[in-house]
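Student: Here is how the chains run, residue by residue.
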Amino acid sequence: MSAVVAEHDDHHDHHDHGPAKGLLRWIITTNHKDIGTLYLLFALAMFFVGGAMAMVIRAELFEPGMQFVNPQFFNSMTTMHALVMVFGAVMPAFVGLANWMIPMMIGAPDMALPRMNNMSFWMLVAGVLLLASTLFMEGGAPASGWTLYPPLVLQTGKALPFAIFSVHLLGISSIMGAINIIATIFNMRAPGMTLMKMPMFVWTWLITAFLLIAIMPVFAGAVTMLLTDRFFDTSFFDAAGGGDPVLYQHIFWFFGHPEVYVMILPTFGVASTIIPVFARKPLFGYSSMVYATAAIAFLSFIVWAHHMFTVGMPIAGELYFMYATMLIAIPTGVKVFNWTATMWKGSMTFETPMLFSIAFVVLFTMGGFTGLMMSVAPVDFQYHDTYFIVAHFHYTLVPASVFILMAAGYFWLPKWTGHMYDERIGRLHFWLSVISVNVLFFPQHFLGLAGMPRRIPDYAVQFADWNMISSIGGFIFGVSQLLFLYIVIDTIKGGTGEKVTAEVWEEAAKHSLEWTLPSPPPYHSFTTPPTVIPTEHI
Amino acid sequence: MKEGVTQKNAKLVRILVFVVLGMFGFGYALVPLYDVLCEVTGLNGKVESSAIKEVSYEVDKNREITVEFMTSLNEATPMVFRSEINKLKVHPGEYYTVNFYAENKTDKVMVARAIPSISPGAVAEFFKKTECFCFSEQTFKAREGRTMPVRFVVNPELPEKYKTITLAYTFFDNTETSVKK
Numbered sequence: 011m012s013a014v015v016a017e018h019d020d021h022h023d024h025h026d027h028g029p030a031k032g033l034l035r036w037i038i039t040t041n042h043k044d045i046g047t048l049y050l051l052f053a054l055a056m057f058f059v060g061g062a063m064a065m066v067i068r069a070e071l072f073e074p075g076m077q078f079v080n081p082q083f084f085n086s087m088t089t090m091h092a093l094v095m096v097f098g099a100v101m102p103a104f105v106g107l108a109n110w111m112i113p114m115m116i117g118a119p120d121m122a123l124p125r126m127n128n129m130s131f132w133m134l135v136a137g138v139l140l141l142a143s144t145l146f147m148e149g150g151a152p153a154s155g156w157t158l159y160p161p162l163v164l165q166t167g168k169a170l171p172f173a174i175f176s177v178h179l180l181g182i183s184s185i186m187g188a189i190n191i192i193a194t195i196f197n198m199r200a201p202g203m204t205l206m207k208m209p210m211f212v213w214t215w216l217i218t219a220f221l222l223i224a225i226m227p228v229f230a231g232a233v234t235m236l237l238t239d240r241f242f243d244t245s246f247f248d249a250a251g252g253g254d255p256v257l258y259q260h261i262f263w264f265f266g267h268p269e270v271y272v273m274i275l276p277t278f279g280v281a282s283t284i285i286p287v288f289a290r291k292p293l294f295g296y297s298s299m300v301y302a303t304a305a306i307a308f309l310s311f312i313v314w315a316h317h318m319f320t321v322g323m324p325i326a327g328e329l330y331f332m333y334a335t336m337l338i339a340i341p342t343g344v345k346v347f348n349w350t351a352t353m354w355k356g357s358m359t360f361e362t363p364m365l366f367s368i369a370f371v372v373l374f375t376m377g378g379f380t381g382l383m384m385s386v387a388p389v390d391f392q393y394h395d396t397y398f399i400v401a402h403f404h405y406t407l408v409p410a411s412v413f414i415l416m417a418a419g420y421f422w423l424p425k426w427t428g429h430m431y432d433e434r435i436g437r438l439h440f441w442l443s444v445i446s447v448n449v450l451f452f453p454q455h456f457l458g459l460a461g462m463p464r465r466i467p468d469y470a471v472q473f474a475d476w477n478m479i480s481s482i483g484g485f486i487f488g489v490s491q492l493l494f495l496y497i498v499i500d501t502i503k504g505g506t507g508e509k510v511t512a513e514v515w516e517e518a519a520k521h522s523l524e525w526t527l528p529s530p531p532p533y534h535s536f537t538t539p540p541t542v543i544p545t546e547h548i
Numbered sequence: 005m006k007e008g009v010t011q012k013n014a015k016l017v018r019i020l021v022f023v024v025l026g027m028f029g030f031g032y033a034l035v036p037l038y039d040v041l042c043e044v045t046g047l048n049g050k051v052e053s054s055a056i057k058e059v060s061y062e063v064d065k066n067r068e069i070t071v072e073f074m075t076s077l078n079e080a081t082p083m084v085f086r087s088e089i090n091k092l093k094v095h096p097g098e099y100y101t102v103n104f105y106a107e108n109k110t111d112k113v114m115v116a117r118a119i120p121s122i123s124p125g126a127v128a129e130f131f132k133k134t135e136c137f138c139f140s141e142q143t144f145k146a147r148e149g150r151t152m153p154v155r156f157v158v159n160p161e162l163p164e165k166y167k168t169i170t171l172a173y174t175f176f177d178n179t180e181t182s183v184k185k
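Heads up: the protein sequence lines correspond to chains A and B, in order.
For the first sequence, the numbering used here gives the first residue as 11, with consecutive numbering after it.
For the second sequence, the numbering used here gives the first residue as 5, with consecutive numbering after it.
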């Protein structure tokens, strides 16, 4: 029937009688639901750790002049905030969703490789702890920005090898997660669940997983070159030995550009899952969504040098990377059009998951437009390394990926826990978030256009007003997220006490298989494959 | 059926692990590929790192190009480094020699290397050097100062639009790494 059951024939008792007792359950578990929960809770914790670092940054930038921290620590904060949010919060959160939802969506009893699943989670924890430990080392945590450009990054103190090994661990963890997801989707689908009947979330994760196994090894190679440059006298990036620091940027962004799609493609998948349910219509243009996702993934490999327009590329290179980058707007536009068309004339209701999803469509589109502005090579010289790029990628990550993760939380928490969250607090959380996130990031466009560089602890006085407004928005946004923490804890404990049905949301079972299971689903679900495959989403 | 899925998983994992290892190798392969691609497409502004043979060109007396010389030191390299002249008007096709002066400010032997750069980058392939102190590492005795020549020619095929060429050198202190080797 399945690899899972087959593999566990030798220790029957564990798998046939629900979870192990006590804390050890969480350490040794190979159950996809348990591991999904671990990933999601870990990501939530890291969201607050990375958020606290962002609060340090915004507090320092509240006024011109040096306030609270020294410049070295400030730069450590920008670096660590990015690394923690990317590798500790957003990516693990989506892996958590994949663990919970993919087996239930394709009618599989578990992930294909449950033990590797456990290992990849604990390697993630080890990697993040190793990274966090650099904060307490002589010379401080890495302060070169998350891109770790040489020669600057080679000036990091004792922390450098630890940061590099932590990147290795995080990379191995992601690769194992990706292999597991590919194996699950290829080999574990229920009979009748053809590839083109899979929910969009599964599709986007399949493509993301392929991106991950293609790029994480390249990044691991790049940081290994940094390591040998520093300690073993190689000269990959060292000009004195005939190397070239620009080479690092090429290798890094060969990883880095697909990496940003690793964070956004599953976001697209969740949005494509939630919007049809609350619009009470099938997803508009299912197959075009699949092809657009694949097109974006392919294009992500051939546009990397648009991050490097100012390094001194020949005009032919600038033109190529400019036009190739602009092409990405087409499949992305297809997606935005499809979401809008899904809502068009739908019987929409505006529960919290839908509110976050609609905000995602609007605000992600804005982030996309600023991206399109920066794809124009000649004008990018003005925007490069200013607060304009900071505003751009935060628009594509916070009110996009993070909002959709919130939406996913509200959407599936009742399914996971069997309890309903408090809709009033959910909406309060939404409105506080959507207003404050714009107060936080919109002024940064103005700052960037006016010439304020990124990664600096102090600035000229003409930037004072918008920085203060941005910081105020940041503090409100940060505090608002505590509401989400409250809701998660409250819902796990019982929520409103309202009894939730298997479907939770009206007619959700027509869209996807997880809604045919009881809420909460049994510890082992789909031990016999489902017979009816929902097709409403197609 | 049970066996079937386990075997299929194992096979798929083998393939994917192979892909991962391949991509790790590809990361390293990018290092030479990057040079090859730049060479094939002529996209880079890299400067030749070895001397070329002196060939005679037809000197274009009607054209005059300004060549500027820049010198700098990497980080805290303890040296004095300057060119004897800051700029020179040259005719394409004619050979010129410009002297640079470098001095070791320490009381120890120093091994240093100068890394050249030419801008605009597209000019690099037209700027030929028959002699340069940058082609190899230079060893300076304690407190030694030395005058070193650079002999160059601008290929007359240089497109008309280029009027100024900047030649920049940065000296790196390689004593530590060279001693280890």
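One thing to keep in mind: the hints can contain errors.
[As the list claims (entries may be wrong)] Subject to a maximum C-alpha distance of 30 Å in a straight line, what follows is the list of computed DSS-like cross-link-like pairs (lysine-lysine):
{"id": "1", "chain 1": "A", "residue 1": "Lys168", "chain 2": "B", "residue 2": "Lys112"}
{"id": "2", "chain 1": "B", "residue 1": "Lys65", "chain 2": "B", "residue 2": "Lys145"}
{"id": "3", "chain 1": "A", "residue 1": "Lys207", "chain 2": "B", "residue 2": "Lys165"}
[Claimed, not checked] Using C-beta positions, here's what the derived DEER-type ranges look like:
{"id": "4", "chain 1": "A", "residue 1": "Met478", "chain 2": "B", "residue 2": "Ile19", "range": "34 to 40 Å"}
{"id": "5", "chain 1": "B", "residue 1": "Glu72", "chain 2": "A", "residue 2": "Met147", "range": "22 to 28 Å"}
{"id": "6", "chain 1": "B", "residue 1": "Tyr105", "chain 2": "A", "residue 2": "Glu73", "range": "33 to 39 Å"}
{"id": "7", "chain 1": "B", "residue 1": "Phe22", "chain 2": "A", "residue 2": "Trp441", "range": "48 to 54 Å"}
{"id": "8", "chain 1": "B", "residue 1": "Met152", "chain 2": "A", "residue 2": "Phe242", "range": "26 to 32 Å"}
What the hints contain is simulated information worked out from the structure, not anything from laboratory work.
The C-beta atom is built at its ideal place from N, Cα and C for all residues, glycine as well.
Student: Is the hinted pair Lys207(A) and Lys165(B) satisfied, with a Cα-Cα distance of at most 30 Å?
Tutor: Violated - the C-alpha atoms of Lys165(B) and Lys207(A) are around 59 Å apart, more than 30 Å.
Student: Would the pair Lys168(A) and Lys112(B) pass a check requiring their Cα atoms to be no farther apart than 30 Å?
Tutor: 28 Å, holds
Student: With respect to the beta-carbon atoms only, verify the hint that Glu72(B) and Met147(A) lie 22 to 28 Å apart.
Tutor: Given a distance of about 44 Å, which is not inside 22 to 28 Å, the answer is violated.
Student: Note whether the CB distance of Met152(B) and Phe242(A) lies within 26 to 32 Å or breaks it.
Tutor: The hinted range 26 to 32 Å holds for Met152(B) and Phe242(A), with Cβ atoms some 31 Å apart.
Student: So does Phe22(B) sit 48 to 54 Å from Trp441(A), Cβ to Cβ?
Tutor: 50 Å, holds
Student: Given the hint of 33 to 39 Å, is the C-beta distance from Tyr105(B) to Glu73(A) inside that range or not?
Tutor: About 49 Å separates the Cβ atoms of Tyr105(B) and Glu73(A), which means 33 to 39 Å is violated.
Student: Lys65(B) and Lys145(B) were given as a pair; does the straight-line alpha-carbon distance stay at or below 30 Å?
Tutor: Violated, because 42 Å separates the two Cα atoms, which is more than 30 Å.
Student: Hint says 34 to 40 Å; check whether the CB-CB distance for Met478(A) and Ile19(B) agrees.
Tutor: 55 Å, violated
Of the hints listed earlier, those the structure fails to meet are numbers 2, 3, 4, 5, 6, in rising order.
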